[in-house]
Amino acid sequence: MDVRSQIAMVFHLDKCIGCHTCSIACKNIWTDRKGAEYMWWNNVETKPGTGYPSKWEDQEIYKGGWGKRNGKIHLKGAGKRRGLVNIFYNPNLPVIDDYYEPFTYKYLDLIESPQGDDQPTARPVSLITGKPIDIKMGPNWDDDLGGTPDYARNDPNMKNITPEEQEVMFQLEKMAMFYLPRICNHCLNPACVASCPSGAIYKRGEDGIVLINQQVCRAWRMCVTACPYKKSYFNWHTGKSEKCILCYPRLEAGLAPACMHSCVGRIRYLGVLLYDADRIEEAASADDKDLIKSQMDIILDPFDEDVIKAAKENGIADSTLHAAQASPIYKFVKQWGLALPLHPEFRTLPMLFYIPPLLPVMASVKKVDNTTEADKKAPLAKKWNNDWIYDTSTEELWGKLEQIRFPLKYIASLFSAGDEDVIKEVWKKLMAVRIHRRRVTVGDITNEKADNTLSEAGINAEMADAIYALTSLPKFEERFVIPAAHREQAIEMMDFTGDTKGATGFGFKSKVKRGV
Amino acid sequence: MKSLFRNLFITAVFIGAGQLTAFSQSGGDAIFKANCSACHTIGKGKLVGPDLSNVENRRPKQWIVSFIKSSQTVVKSGDKYADSLFKAFNQMPMPDHPNLTNAQIDELLAYITKQSSSAGTATAITELPPGNAETGRLLFLGDVRFANRGAACNSCHNVDIKGSLSGGALGKDLTHAITRLSASGVAAIVSGLPFPQMKETYTAHPVKPQEIADIVAFLTTVDKQAPANPTNTVGAYLLFGGAAGLTILAILYSLFWIKRKKGPVNIRIFNRQLKSA
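In order, the protein sequence lines correspond to chains P and R.
Note that the numbering used here has the first sequence beginning at 1, numbered continuously upward.
Note that the numbering used here has the second sequence beginning at 1001, numbered continuously upward.
The reader is advised that the hints may include incorrect statements.
[To be verified] No more than 25 Å apart at the CA atoms, straight line, and that leaves these computed lysine-lysine pairs for DSS-like:
| id | chain 1 | residue 1 | chain 2 | residue 2 |
| --- | --- | --- | --- | --- |
| 1 | R | K1069 | R | K1114 |
| 2 | P | K80 | R | K1259 |
| 3 | P | K400 | P | K449 |
| 4 | R | K1262 | P | K159 |
| 5 | P | K159 | P | K409 |
| 6 | R | K1275 | P | K159 |
| 7 | R | K1261 | P | K136 |
| 8 | R | K1275 | P | K136 |
| 9 | P | K136 | R | K1262 |
| 10 | R | K1061 | R | K1033 |
| 11 | R | K1044 | R | K1087 |
| 12 | P | K68 | R | K1261 |
| 13 | R | K1259 | P | K68 |
| 14 | P | K80 | R | K1261 |
| 15 | R | K1259 | P | K159 |
| 16 | P | K34 | P | K159 |
| 17 | R | K1275 | P | K131 |
| 18 | P | K174 | P | K424 |
| 19 | P | K106 | R | K1275 |
| 20 | R | K1262 | P | K240 |
| 21 | R | K1275 | R | K1262 |
| 22 | P | K240 | R | K1261 |
| 23 | R | K1114 | R | K1046 |
| 24 | R | K1114 | R | K1172 |
| 25 | R | K1172 | P | K80 |
[Stated by the list, open to error] Incomplete in silico selection of chain R near chain P, CB under 10 Å:
| id | residue |
| --- | --- |
| 26 | S1077 |
| 27 | K1080 |
| 28 | A1250 |
| 29 | Y1253 |
| 30 | F1256 |
| 31 | W1257 |
| 32 | R1260 |
| 33 | P1264 |
| 34 | N1266 |
| 35 | I1267 |
| 36 | I1269 |
| 37 | R1272 |
| 38 | K1275 |
| 39 | S1276 |
Bear in mind the hints are in silico, worked out from the structure with no lab data behind them.
None of the values given here were measured: they were computed from a predicted structure.
Glycine residues also receive a C-beta, built at the ideal position from the N, C-alpha and C atoms.
Take the sequences, apply the hints, and build the full model.
Have a look at this one:
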């Protein structure tokens, strides 16, 4: 058992309101530079939709992530042989138009134009060439289902959904959507690290953050292809690749990453997970249907005596172990089994988990006879000949799982490699918590019914209360349990601090010259 | 402080010595050897350029001075004598000598006048040992290295022979160099280095007399064998051969990467979008 610690995350999708504040916080801090304008280390997508870059989930196009052959995993688009053959020409790279060509407007033209017959306009100019452009798209062009025929209908997750089911999804009255905020997953089995010919990408030992060394990067761009989530970006100005750094300078100072700190819906949780590094390959090589289970299996119980002993032998600090025990991630992912990795079939073992959105049925569409109502109206009044109504009165408060607005298959294709039972189980728990809390706070639900749903979901009332508390009422310190970084110990592993003793502070700035 | 004085003294000595040598080299003899003898003799007949004996009797001094400083300026100014001279000597332009001062030119002319009266004492032509054309070919093409590691001739010059890659286009085509310049003229150029680019290239890596003889022997055979008007097909070969090679490579690459991602995934949407004119 090789116990290591990992900073992991949970995003609660039922709480996301799609405001993009996280993206803006990240952009302002990290990617507001030349060459990085098009990068959104954090982006928020509307689902169904093609996302950013367009159709990133379709590995037939981008060849990202791991494939499995003869029980062994291999990189789909990079790796030793394929990487060498394609090293000077990588055939699967996204182009700038797959992301979007970044632009701004010539605002100064509005106030500096000379007097003329026409009102001055601010033309859009490319941030790359500086020349006027026709804007083709943006990083969230399909936000809130905009341009559905082009974007939402082409969502790669629609692959296994029948045309009839798709028609139902996009009926105006039944249309539903949710938001999917994405950052680097800081995977346990990162394809970007495995693909890099220069060895520039590494996973930090102390907290598992995946970083690109800007001094070593040689712009082969294999990581851009290899990352199935397309979260490694090429900076065309510096000629190096860049990616989300999980705001490690902030984490080391005990602050939450900027995207999480600024999150309006407070959907984001961050904390330590302990995992068994010996079993990574085994977990990543599991069959598609066992992938989630195998990933959950290598996450270790931070209260287990053996785990604690092995962790200490590996040099994991007590403070980190305490953080692991208080971690909201461990609760959501392991104890309650509510959070799932995004696209586990990419086999990178992502360490960012999502609580799938419940999208409860709040209303239905019914056919009614409106003639008597219409006859009552004044002769001049407009008489609608529409005999459908949007009926908000449901028998059950939230309807049943079977009535859910999205095909189960769609959510399963996102979060469980197509296994619908996994999603169903999570949904049952989420629904049970709601029904239980309705009983407690409003009291219009019988004890019998509430207890039945709880036991059907496999949780008890205490657990439901705890889930409710961490979902709806968490304080800052409960959402973000950040372990001390112990930078001084990390430095002592590399250098002898005595060497620099007296080199700073009071005294001479430069060495005294002696001898000839 | 002591070492400072010592350094100053040494520097002074060196500067003084440098001026002394400069002085000793500025005599007419030295100026002639350094700048003229590659192409001109005094009383020994024409080489690359005309025999310079009694040159002051032929042309006014002012004309000679401006011709030495920049011959092509005089030729282009429409001076008939200069033009006929240029044509008579194979249109081989005489290099400019902007660094020679008027005083140095005076000294040079005085030297030439003095040598002209005792005709033939200043011999510019060094007798060459017998040359081997085959060795010359290897040296010219760079298959064998010059003893002093100078650059091979075909880095800059071309000759019209079969079975070898074409040489460079920086220098003149040397196929009929012997007809144009005579064997002794070619030898004088290689040893005297009158042209700035050759001077740059070979001053630190002088070509040995035996090697010069070999190259002259090689050029003589080339001169005899090659047709009078060499057809320069090198450019055409390069162009069409290159284009054909490029096409073949492009086909091979496009076959190898036939499954590559072609264009942006939303290309159909973009094509449909309205564009400003």
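Outcome of the hint check:
Proposed proximity of K1069 (chain R) and K1114 (chain R) is supported: the alpha carbons are some 22 Å apart, at most 25 Å. For the given pair, K80 (chain P) sits about 19 Å from K1259 (chain R) by alpha-carbon distance, which is consistent with the 25 Å threshold. Proposed proximity of K400 (chain P) and K449 (chain P) is supported: the alpha carbons are some 13 Å apart, at most 25 Å. Distance hint between K1262 (chain R) and K159 (chain P) is fulfilled; the C-alpha atoms sit about 21 Å from each other, no more than 25 Å.
Under the criterion of a C-alpha separation no larger than 25 Å, the hint pairing K159 (chain P) with K409 (chain P) is consistent with the structure, at around 10 Å. For the given pair, K1275 (chain R) sits about 32 Å from K159 (chain P) by alpha-carbon distance, which is inconsistent with the 25 Å threshold. The straight-line distance between the Cα atoms of K1261 (chain R) and K136 (chain P) is roughly 20 Å, inside the 25 Å bound, and the hint therefore holds. For the given pair, K1275 (chain R) sits about 9 Å from K136 (chain P) by alpha-carbon distance, which is consistent with the 25 Å threshold.
Distance check on the hinted pair: K136 (chain P) and K1262 (chain R) sit about 18 Å apart at the alpha-carbon level, within 25 Å; holds. Only pairs whose Cα atoms come within 25 Å are accepted, and K1061 (chain R) paired with K1033 (chain R) is accepted, the gap being roughly 21 Å. At most 25 Å may separate the alpha-carbon atoms for a hinted pair to count; K1044 (chain R) and K1087 (chain R) meet this at roughly 21 Å. Distance restraint check for K68 (chain P) and K1261 (chain R): the Cα-Cα separation of roughly 22 Å lies within the 25 Å cut-off, and the hinted pair is therefore satisfied.
Restraint check for K1259 (chain R) and K68 (chain P): the C-alpha separation of about 20 Å stays at or below 25 Å, so the hint holds. Restraint check for K80 (chain P) and K1261 (chain R): satisfied, since their Cα atoms lie roughly 20 Å apart, inside the 25 Å limit. For the suggested pair K1259 (chain R) and K159 (chain P), the alpha carbons sit about 21 Å apart, so the restraint of at most 25 Å is met. Only pairs whose Cα atoms come within 25 Å are accepted, and K34 (chain P) paired with K159 (chain P) is rejected, the gap being roughly 38 Å.
For the hint linking K1275 (chain R) to K131 (chain P), the alpha-carbon distance of about 15 Å falls within 25 Å, and the restraint holds. Of the pairs offered as hints, the one joining K174 (chain P) and K424 (chain P) holds, with about 20 Å between alpha carbons and a cut-off of 25 Å not exceeded. The hinted pair formed by K106 (chain P) and K1275 (chain R) meets the criterion: a straight-line CA distance of about 18 Å does not exceed 25 Å. At most 25 Å may separate the alpha-carbon atoms for a hinted pair to count; K1262 (chain R) and K240 (chain P) meet this at roughly 23 Å.
Distance restraint check for K1275 (chain R) and K1262 (chain R): the Cα-Cα separation of roughly 22 Å lies within the 25 Å cut-off, and the hinted pair is therefore satisfied. Taking the CA atoms of K240 (chain P) and K1261 (chain R), the gap is near 22 Å; set against the 25 Å cutoff, the hint holds. For the hint linking K1114 (chain R) to K1046 (chain R), the alpha-carbon distance of about 19 Å falls within 25 Å, and the restraint holds. Under the criterion of a C-alpha separation no larger than 25 Å, the hint pairing K1114 (chain R) with K1172 (chain R) is inconsistent with the structure, at around 35 Å.
For the hint linking K1172 (chain R) to K80 (chain P), the alpha-carbon distance of about 51 Å lies beyond 25 Å, and the restraint is violated. With a cut of 10 Å, the hint placing S1077 (chain R) at the interface with chain P is violated, because the nearest CB-to-CB distance is about 50 Å. Because the smallest distance between the Cβ of K1080 (chain R) and any Cβ of chain P comes to about 57 Å, over 10 Å, the interface hint for this residue is violated. Contact between A1250 (chain R) and chain P, as hinted, is not supported at the beta carbon level, the nearest pair being about 12 Å apart and thus beyond 10 Å.
A hinted interface residue such as Y1253 (chain R) counts as satisfied when its beta carbon comes closer than 10 Å to some beta carbon of chain P; here the least separation is about 8 Å, so the hint holds. The beta carbon of F1256 (chain R) is positioned within 10 Å of a beta carbon in chain P (closest approach about 8 Å), and the interface hint is therefore held. This hint holds: W1257 (chain R) has a C-beta 5 Å from the nearest C-beta of chain P, less than the 10 Å allowed. Interface restraint check for R1260 (chain R): the shortest CB-CB distance to chain P comes to about 3 Å, inside 10 Å, so the restraint holds.
Annotation: interface hint on P1264 (chain R) holds; nearest CB of chain P at approximately 4 Å, less than 10 Å. Hint on N1266 (chain R) holds. Least Cβ distance to chain P is approximately 5 Å, under the 10 Å limit. Nearest Cβ of chain P to the Cβ of I1267 (chain R): about 8 Å, under the 10 Å cut. The hint holds. Residue-level restraint check for I1269 (chain R) holds (minimum Cβ-Cβ distance to chain P is 5 Å; threshold 10 Å).
Nearest Cβ of chain P to the Cβ of R1272 (chain R): about 9 Å, under the 10 Å cut. The hint holds. Of the supplied interface hints, the one on K1275 (chain R) holds, with its beta-carbon coming within about 5 Å of a beta-carbon of chain P, less than 10 Å. Hint status for S1276 (chain R) relative to chain P: holds, with the closest Cβ pair at about 6 Å, below 10 Å.
Going through the hint list in order, the structure does not satisfy hints 6, 16, 24, 25, 26, 27 and 28.
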